[in-house]
Amino acid sequence: MSQMTIHLKIWRQAGPDVKGAFENHTLDTVNEHMSFLEMLDVLNEELVVAGKEPFEFDYDCREGICGSCNLVINGRAHGPKRLTAACQLHMRNFKDGDSIVIEPARAAAFPVIKDLVVDRSAFDRIIAAGGYITVRTGSAPEANSIPVELEDSTFSFDYAACIGCGACVAACPNSSASLFTAAKLSHLNRLPQGEPEREKRVIAMVEQMEKEGFGDCSNFGECEAVCPKGISIASIAEMRRNYVKATIAG
Amino acid sequence: MKLDAKIPSGPLEEKWSKHLNDVKLVSPNNKRKMHVIVVGTGLAGASASASLAELGYKVSTFCIQDSGRRAHSIAAQGGINAAKNYQNDGDSVYRLFYDTIKGGDYRSREANVYRLAHLSNNIIDQAVSQGVPFAREYGGYLANRSFGGAQVSRTFYARGQTGQQLLMGAYQSMMKMVNEGKINYYTRHEMMDVVVIDGVARGIITRDLVTGELTRHSADAVILATGGYGNVFYLSTNAKNSNVTATWRAHKRGAAFANPSFVQVHPTCIPVSGDYQSKLTLMSESLRNDGRVWVPRKAGDDRPPNQIPEEERYYYLEERYPSFGNLVPRDVASRNAKQVTDEGLGVGETGLAVYLDFRDAIARDGKDVISAKYGNLFDMYENISGENPYEVPMRIYPAVHYTMGGLWVDYNLMTTVPGLFALGEANFSDHGANRLGASALMQGLADGYFVIPFTIGDYLADAGVSTIDTSHEAFASVEKEVQERIDKILNVKGDRTVIDFHRTLGRIVWDNIGITRNEKDLKKAITEIQALREEFWQNVKVPGKATNYNKYLEFAHRVADFFELAELMAYDALDRGESCGCHLREEFQTPEGEAIRNDKDYAYVSAWEFKDLNGKLETELHKETLEFEFVEMKQRSYK
Chain A
1 MSQMTIHLKI WRQAGPDVKG AFENHTLDTV NEHMSFLEML DVLNEELVVA
51 GKEPFEFDYD CREGICGSCN LVINGRAHGP KRLTAACQLH MRNFKDGDSI
101 VIEPARAAAF PVIKDLVVDR SAFDRIIAAG GYITVRTGSA PEANSIPVEL
151 EDSTFSFDYA ACIGCGACVA ACPNSSASLF TAAKLSHLNR LPQGEPEREK
201 RVIAMVEQME KEGFGDCSNF GECEAVCPKG ISIASIAEMR RNYVKATIAG
Chain B
1 MKLDAKIPSG PLEEKWSKHL NDVKLVSPNN KRKMHVIVVG TGLAGASASA
51 SLAELGYKVS TFCIQDSGRR AHSIAAQGGI NAAKNYQNDG DSVYRLFYDT
101 IKGGDYRSRE ANVYRLAHLS NNIIDQAVSQ GVPFAREYGG YLANRSFGGA
151 QVSRTFYARG QTGQQLLMGA YQSMMKMVNE GKINYYTRHE MMDVVVIDGV
201 ARGIITRDLV TGELTRHSAD AVILATGGYG NVFYLSTNAK NSNVTATWRA
251 HKRGAAFANP SFVQVHPTCI PVSGDYQSKL TLMSESLRND GRVWVPRKAG
301 DDRPPNQIPE EERYYYLEER YPSFGNLVPR DVASRNAKQV TDEGLGVGET
351 GLAVYLDFRD AIARDGKDVI SAKYGNLFDM YENISGENPY EVPMRIYPAV
401 HYTMGGLWVD YNLMTTVPGL FALGEANFSD HGANRLGASA LMQGLADGYF
451 VIPFTIGDYL ADAGVSTIDT SHEAFASVEK EVQERIDKIL NVKGDRTVID
501 FHRTLGRIVW DNIGITRNEK DLKKAITEIQ ALREEFWQNV KVPGKATNYN
551 KYLEFAHRVA DFFELAELMA YDALDRGESC GCHLREEFQT PEGEAIRNDK
601 DYAYVSAWEF KDLNGKLETE LHKETLEFEF VEMKQRSYK
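As they're listed, the protein sequences go chains A and B.
Mapped onto our numbering, the consecutive letters of the first sequence carry residue numbers 1 to 250.
Mapped onto our numbering, the consecutive letters of the second sequence carry residue numbers 1 to 639.
It should be emphasised that the hints constitute simulated quantities derived from the structure, not laboratory data.
Misleading hints may appear alongside valid ones.
[Claimed, not checked] Dumping the calculated SDA-like pairs for lysine to any residue here, alpha-carbon to alpha-carbon at most 20 Å:
hint	chain 1	residue 1	chain 2	residue 2
1	B	Lys545	A	Glu56
2	A	Lys211	B	Asn179
3	B	Lys541	A	His33
4	A	Lys52	B	Ile384
5	B	Lys493	A	Glu45
6	A	Lys52	B	Asp487
7	A	Lys200	B	Asn179
8	A	Lys52	B	Ile489
9	A	Lys52	B	Asn491
10	A	Lys95	B	Arg496
11	A	Lys19	B	Ser385
12	A	Lys19	B	Asn491
13	A	Lys81	B	Glu382
14	B	Lys545	A	Val18
15	A	Lys229	B	Asp487
16	A	Lys229	B	Ala135
17	A	Lys81	B	Ser385
18	A	Lys52	B	Thr547
19	B	Lys252	B	Pro418
20	B	Lys493	A	Ala50
21	B	Lys634	B	Glu609
22	A	Lys52	B	Lys33
23	A	Lys95	B	Arg145
24	B	Lys545	A	Pro54
Required output: the full structure, derived from the provided sequences and hints.
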C-alpha cells in the first residue's frame, strides 16, 4: 500500500471567546483507504504522543447518517466529493503531496466551541419551535387509515433525509439556515398528517430561524451543492410562499 | 440480591392488559411534582422523554452528542417488525412472539417477548401519525418486506434509513415538549454516576462536556436509555461515542448486569484495512442471496481473485452446508469466516477477510439485474474500499453490531435498584441469546412509548414525591468520587494513548470472547484484561485538561469502564457451559460444528452483582430461571 504525504492547515481555537489561527502539520503515513476522519485520528494520535493537544472535531456514526461531522475542507463543506459527508470521504480523493485546509463550519449562529467543533443548538430550537406533528403517544389512529399518495410520500421522504449537519449554513454566503428549515417544512407539510399545523408550523420555524441570527436566502444555491443528502433548494421557494400565505391569512 | 421478574399471572396474551389494570396510577397533581431523569436520546430515550412529559411529569433529558437527533438509533438501516398482517400472509402477534423467542434460542422471557409483539402494531400507528415516511404501495397504503428468514412479510421500512426516520419522529415529539417547557434538555452532557440513597436511585451526576463542570441532579426516578456496549471490541458497527459508562456505573451502584457475553456479530461487514481503522460498516446481509462466499484453498495464495481458477477456490459454506449454502444463519456464517481466516486462508492485505463474489450471479442474471437489487450497496462498498464489486469480488468480514446483554430489568423495566430503569439496548430483556433483524427498533420504541409510561407510575405511586434534593450528602460524596476519578485519569501522565489501550483491549475481547469461545482462551483473556487494565491506570496518557472540551478525556473514562465490563463478559461466557444463539462454546458443539444447547442446566438469565474491584473483578452470579409455559423449547437446526 503506497503512503501519501499530506500537508494540513487546521483551525486551532481554544474556546468560543478566544482568537483562533491556522496551524500547519504534515502527515507522511496517510494511505488511500483511510477515511478523512481516520486521517485526523492519526494526526491526533501523533500529537498526543508528542505531548501536544489534539484537534477537536465532532463525529459519531462515521456512516454519513448522524450528521455530527461538519468539517469545511478546502473551503467546501464536507469536502470535494458530492453527496458525501466528511466521514464518508476517503483519502483516495486526494493525492500525494496535497495541501488541505480544514476549518470549522463558520456562521454567526454556530459559535466555535473548540477548534473544529461548533455549537449547532440553534437547529434544535428551530425544530422545537414547530418541526413536528402534534400527536400524543397513544392517540394515533390505525396506520393504514391514513393513506398517503405515493408521490407525496416520496416527495416528503426526499426532504426527511436531511441529517442536520449544517453544511448548508456553512456554505451559504449569508449563513442562512433556509435549506435546513425548509426541508423539515417540506417533509411535514406535504403529508396529510401534517396538514392541520401547516400554517402555524411555517410561521414558528421561520421566525425562530430569524431569531437565531441566521442570514436570509439570496438564492446562491451553495447549500444544495454541498448537501450530503442532495436536499433540493426548491423547498426554500415553497417555504417562502407558504410563509407569506400563512402570515397574510393569519 | 433477590431477582423478582414480577411477571403477571394469567394466560400469556392477557398478562399485559391485566397488568395495565393492576398498576397504580399517579394523580395529575403529583405527576407535576415528580421529576424523571432520562439519560440517552435514541429511540427508547426520546420516546420515553416525550411520552412522560406528555403525561405531566417533569422530565430532564441528557445526551452526550450535540443534539438528541444524533443518537446511534439513527444508523439502523433495515426496518421495524410489526404484526399488522397487512400482507394477509397469516402473521399474528403470536407468530411474531414465537419467531422472536425462537430466534433468541429460548433465553428470553415469554411474557416480555409477547408484550413486545403485542405493542409492535401501536408503534407503527404512532410513527405514521408523526409523519415517518414509511415505504408505501401505489394505492397509498403501507408496504412491507420480508426480513431475516421470517416466513411472513412484516417489516416496515423507510428506504435504508428506517432508524433515522423513526428517531426523527421520536426526537421531534421530544423537542415539542422541550419547547413547551416540560423537558429540561441537556446536550453534550454525560452521566458520570448514579446517586443511590438507602438503596433507591435518587439522581445522577453529569459532566458538561464543553465546560467540564460537574452537576448534581436529583429525581424521583432515573431512566437509562444509553444503548449497547459493542464498542468494548474497539471495532464495531456502533457509533464512536457509544459506550457502557452509564449502565456500568449503575451496575457498580447495585444494578445487576444480565447476560453480558451475549453479543451479536453480523457476517457481512466491510473488513478492516489497517490499524488506523476507527469503525466498521455493515452491509445488508441480503447480499448473500446472490453472492458466493469463498477463500483460496491454499494458505498464502496472494494471486488476484480473478486469477484463481475454479478448482482452487474453497466455497466453504456451500461445501460444509450443502442445503443452506451461502444462506446459513448469521452466527454460522460469522463462525465459519473466522474459522477459515484462523486457518490462514483469509484474503486481502490483513488476511482478515473472505470473498463475496458476484461473478456467477452477474453471468447468470446480467449486470443490470444485480445492480437493480444491490446498486446502492455496491456503491457504498466501492466508496469505502476503492474496488468495483462488479469486477472484483467484495471482501467481507464479520463485525460486532448489537449487544443482547444489558442491565437486568423486571417486567416493569426496573433494574435491581428501585427507581432505576433501563430501556432499549441498555437492558437485556427481549432478545435472549440472539436478536432477530428489525427487532431492535421495535424494542426501543415499545419500551419508551408504551411500557415505561405505565410501569413507572406503579413505582412512583408507591414511592410518593421524593423529598431528597441535591443538598443530601450522598450527592456531594458521589460528585467527589467522580472528580477524583477524573483527576486520577488525567494525572497518570503515562506513555500509551487511550486509543492504543482500547485497540489492544478490543483485540483481546474479539479473539477470546468473540464469535467462538472456549474455557482455555476465556481464562487467558481474564488474565490479559486484568494486566492491561493495571497498565492502563499506570501508563495511560490523556492530553489536555478537565475544564474544557476534551474528547480524549471522555474516551479515557469510557475505556476504563470497558476494561471492567470485558472481564465480566469473560466470566459470563465461562459460566455458560452450553452453546446458544450467538454464544458458541467450542466444547459444546456437534462434530459438524452445530451448537449444543443445554436447557436442563442453563435455561436461566445470568444476572451478575458487582462486589468489588481490586486487581480483579469480584462478582456474584444470580440466576433467573426461565419458565416456558407457552412454547416448547426446540433445538435450532440448519440442516
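Here's how the hints hold up against the structure:
A hinted pair counts as satisfied when its Cα atoms are at most 20 Å apart, and Lys545(B) with Glu56(A) qualifies at roughly 13 Å. Our distance criterion of 20 Å between C-alpha atoms is met by Lys211(A) and Asn179(B), whose separation comes to about 15 Å. Annotation: proposed proximity of Lys541(B) to His33(A) is violated, straight-line Cα distance about 28 Å (limit 20 Å). A hinted pair counts as satisfied when its Cα atoms are at most 20 Å apart, and Lys52(A) with Ile384(B) does not qualify at roughly 31 Å.
At roughly 15 Å between alpha-carbon atoms, Lys493(B) and Glu45(A) fall within 20 Å of each other, so this suggested pair holds. A C-alpha spacing of about 19 Å is found between Lys52(A) and Asp487(B), which places the hinted pair at or below 20 Å, so the restraint holds. For the proposed pair Lys200(A) and Asn179(B), the alpha carbon gap of about 14 Å is at most 20 Å, so the pair holds. Straight-line distance between C-alpha atoms of Lys52(A) and Ile489(B) comes to about 17 Å, which keeps the hinted pair within the 20 Å bound.
At roughly 16 Å between alpha-carbon atoms, Lys52(A) and Asn491(B) fall within 20 Å of each other, so this suggested pair holds. Between Lys95(A) and Arg496(B) the alpha-carbon distance is near 31 Å, which puts this suggested pair outside the 20 Å criterion. Note on Lys19(A) and Ser385(B): the hinted pairing is violated, with a Cα-Cα distance of about 39 Å set against a maximum of 20 Å. With a CA separation close to 29 Å, the supplied pair Lys19(A) and Asn491(B) exceeds the 20 Å bound.
Our distance criterion of 20 Å between C-alpha atoms is met by Lys81(A) and Glu382(B), whose separation comes to about 14 Å. Between Lys545(B) and Val18(A), the direct Cα distance comes to roughly 17 Å. Compliance with the 20 Å bound is thereby established for this hinted pair. Between Lys229(A) and Asp487(B) the CA atoms are separated by roughly 42 Å; this puts the pair beyond 20 Å, and the hint is violated. Using a Cα cut-off of 20 Å, the hinted pair Lys229(A) and Ala135(B) holds, with the two alpha carbons roughly 18 Å apart.
A threshold of 20 Å between alpha carbons decides the hint, and for Lys81(A) with Ser385(B) the separation of about 15 Å falls inside it, so the pair holds. Restraint check for Lys52(A) and Thr547(B): the C-alpha separation of about 17 Å stays at or below 20 Å, so the hint holds. Proposed proximity of Lys252(B) and Pro418(B) is supported: the alpha carbons are some 14 Å apart, at most 20 Å. Taking the CA atoms of Lys493(B) and Ala50(A), the gap is near 12 Å; set against the 20 Å cutoff, the hint holds.
For the proposed pair Lys634(B) and Glu609(B), the alpha carbon gap of about 30 Å is over 20 Å, so the pair is violated. A hinted pair counts as satisfied when its Cα atoms are at most 20 Å apart, and Lys52(A) with Lys33(B) does not qualify at roughly 49 Å. At most 20 Å may separate the alpha-carbon atoms for a hinted pair to count; Lys95(A) and Arg145(B) exceed this at roughly 43 Å. Between Lys545(B) and Pro54(A), the direct Cα distance comes to roughly 12 Å. Compliance with the 20 Å bound is thereby established for this hinted pair.
Hint compliance for this structure: hints 3, 4, 10, 11, 12, 15, 21, 22, 23 are broken, all remaining hints hold.
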